[in-house]
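Just so you know, the sequences run in chain order A and B.
For the first sequence, the working numbering assigns the number 51 to the initial residue and increments by one for each residue that follows.
For the second sequence, the working numbering assigns the number 150 to the initial residue and increments by one for each residue that follows.
Hints may be right or wrong, so weigh each one.
In silico lysine to any residue, SDA-like type, Cα no more than 20 Å apart, as pairs [claimed, not checked]:
1. A:K171 - B:K362
2. A:K171 - B:P262
3. B:K177 - B:A233
4. B:K263 - A:K253
5. B:K263 - A:R259
6. A:K171 - B:A232
7. A:K253 - B:P250
8. A:K171 - B:P250
9. B:K263 - A:R178
10. A:K171 - B:L264
11. B:K362 - B:D396
12. A:K253 - B:R252
13. A:K253 - B:E234
14. B:K263 - B:R273
15. B:K477 - B:T511
16. A:K171 - B:R252
17. A:K171 - B:P416
18. B:K263 - A:I247
19. B:K263 - A:T162
20. B:K263 - A:I177
21. B:K269 - A:R178
22. A:K253 - B:D291
23. B:K269 - A:G174
24. A:K171 - B:R211
25. A:K171 - B:D291
26. B:K263 - A:L176
27. A:K171 - B:S494
28. A:K171 - B:E420
29. B:K477 - B:E420
30. B:K477 - B:D396
For the record, the hints were derived by calculation from the structure and aren't laboratory data.
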Amino acid sequence: MLSYISDNASTLLRWTGWHVVLSLAPLFIGLALALPIGWLANRYRLVYAPLVAVTGLLYTIPSLALFVFMPLILGTQILSPVNIIIALSLYTLALLVRTVADGLASVPDDVTQAATAMGYKGLGRLIRVELPIAVPVIAAGVRVATVSNVSLVSVAAIIGVPQLGQLFTSGFQLQYYTPIGLGIIGCVILALVFDAIILGVTKVLTPWRRQEATP
Amino acid sequence: MIVSAISVRLKHMIRFDGVSKQYPDGTKAVDELTLEAPTGQITVLVGPSGCGKTTSLRMINRMIEPTGGRILIDDRDTASMNAAELRRGIGYVIQHAGLFPHRTILDNVTTVPKLLGWDKKQARDRARELLDRVGLSSELVDRYPGQLSGGQQQRVGVARALAADPPVMLMDEPFSAVDPIVRHQLQDEFLRLQDELGKTIVFVTHDIDEAIKLGDQVAVLRVGGHLAQLAAPADLLARPVDDFVADFVGRDRGYRALGFARSGEIPVHAEETVRLGSEVSVDGGSADRWVLAVDSDGRPAGWVDRASSDDTGPAEGSRLHRGGTTAKQDGTLREALDAALSSPSSRGVIVDADGRLLGTVTAQEVLDLIEARRSDARSGAGAGSGTG
Ligand SMILES: Nc1ncnc2c1ncn2[C@@H]1O[C@H](COP(=O)(O)OP(=O)(O)OP(=O)(O)O)[C@@H](O)[C@H]1O
Ligand SMILES: [Mg+2]
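Build the full structure now, drawing on both the sequences and the hints.
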């Protein structure tokens, strides 16, 4: 395995780089979209159920189908990474809309009442009070979305976009298990590293939870 | 001079003028409420659950908009003010304090000063001073709310509401989520604080005892948001306007009304005492088996039963019966009567302002005093009604 790594170091590095980009870019895009939509779903409870249902439906579309259909919808090249990024952004969005809405709903009512009574207005209250308190719930959703993105990206190997999933396809073609094992290990390590980073960021954003008794 | 001029101008700081609130679902929560909360006083809204107390309170800072009538603060219609600015001038304290869990205690208290654009250092100094004033020890200020007890959180809630020194405070059952001992402590401290600060306070509770203890005036609401009676606590106990109020005010209101009657100088009997920690003579020649132990400053420590056979030795520790309450000379008749009723010797202990023993009084003597007061009041009232 080591010789395989040293022989293919530059390719592996390139694939890892792409894998990182292809899984993280959708995460940021999805989160950025999920924040306002999740806020809407929480603010207007009537749209919560339909919004969560519609975004949830998105998740049931097989990823491969979405990757293949993207070029038809967007008019992009079949091999363009943009297809992957947009498709995974949709998945992330689907996961996080609900998370954001639930996170905002987790803010205790008396806290929002107190904030309003102290003269906080809409956006200020959201940014200074509600979002910071919703961080733990939102972060939990972001962790799930990240891990799911890392594994979904490898599916894109089937349509030939370069990333660690290519190790699977080439391994299968060559009946050679080293790249397959390496691909699995690579994906797991990536997922673990991302998870650790998110956990770290969450800790920094939520100092008030550290001193509370842990169950 | 200036102060009195202001207080005259602001005589009726908060005024409800025929205020109604009907929720979109048709619930009539408040119905034509007309009420004045005078400057510098505590107005308590009390009533059974769902009678519209919270709704009334929140209409003052426009967290809820009335569907009828007007609310005026200093003769200005609140509807014409900017809601956020209005709120920054009104302190608001709620049941579970509603502290921001993600901010330290100090940062919770500096919230409104910061929103008002105070200098950071000034805001923090002010917060520390206030936290000290509400009795929160200074090592807690850098903690997060999740690390405080309910009672401590409630103190922070009060400090936070006071931070920008608002003239008006709205309090919605601020002490009802803590245990009875802490509640009484918080109430006493709140009254002390109010003595110093003189805020215009509207205080909501469903606990009539709390209403009577804290209110300068008490508004009793009935379900549907009707004002049943507005009166000073003593008047409410003495003259409920109807069965609803009488019922709500409670059964032992006759006894509780004594809590508003000053006892004046009660004639007391000298009491035989024994020094705390010294031997108790089995038979001091006294007719009574109970003797009062006092400490070196003359403060009563408890009663000693000198006839007790299984409990001998010096007057200390478990030999002391601490069941009896003490009443201050010039306190209330209720305290005096309670001191007599709770005393194992049937003699109520009366102390001076420093807690030193003055003497004792019997329940019968307190009752005689009450009777004398009542006949004075009756003849006084008779004379009054004769001229009217
Ligand atoms: N947002 C709302 N929509 C519809 N009805 C409401 C709403 N808020 C309160 N009510 C109703 O208005 C009435 C008064 O409610 P309010 O909260 O003012 O009562 P309260 O006196 O504070 O009661 P409690 O002692 O239980 O706190 C109740 O019947 C309540 O159900
Ligand atoms: Mg209420």
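Hints, verified against the model:
| no. | hint | result |
| --- | --- | --- |
| 1 | A:K171 - B:K362 | 36 Å, violated |
| 2 | A:K171 - B:P262 | 15 Å, holds |
| 3 | B:K177 - B:A233 | 26 Å, violated |
| 4 | B:K263 - A:K253 | 26 Å, violated |
| 5 | B:K263 - A:R259 | 24 Å, violated |
| 6 | A:K171 - B:A232 | 9 Å, holds |
| 7 | A:K253 - B:P250 | 15 Å, holds |
| 8 | A:K171 - B:P250 | 19 Å, holds |
| 9 | B:K263 - A:R178 | 12 Å, holds |
| 10 | A:K171 - B:L264 | 11 Å, holds |
| 11 | B:K362 - B:D396 | 18 Å, holds |
| 12 | A:K253 - B:R252 | 14 Å, holds |
| 13 | A:K253 - B:E234 | 35 Å, violated |
| 14 | B:K263 - B:R273 | 10 Å, holds |
| 15 | B:K477 - B:T511 | 14 Å, holds |
| 16 | A:K171 - B:R252 | 18 Å, holds |
| 17 | A:K171 - B:P416 | 62 Å, violated |
| 18 | B:K263 - A:I247 | 33 Å, violated |
| 19 | B:K263 - A:T162 | 18 Å, holds |
| 20 | B:K263 - A:I177 | 15 Å, holds |
| 21 | B:K269 - A:R178 | 17 Å, holds |
| 22 | A:K253 - B:D291 | 18 Å, holds |
| 23 | B:K269 - A:G174 | 19 Å, holds |
| 24 | A:K171 - B:R211 | 13 Å, holds |
| 25 | A:K171 - B:D291 | 26 Å, violated |
| 26 | B:K263 - A:L176 | 17 Å, holds |
| 27 | A:K171 - B:S494 | 63 Å, violated |
| 28 | A:K171 - B:E420 | 65 Å, violated |
| 29 | B:K477 - B:E420 | 16 Å, holds |
| 30 | B:K477 - B:D396 | 31 Å, violated |
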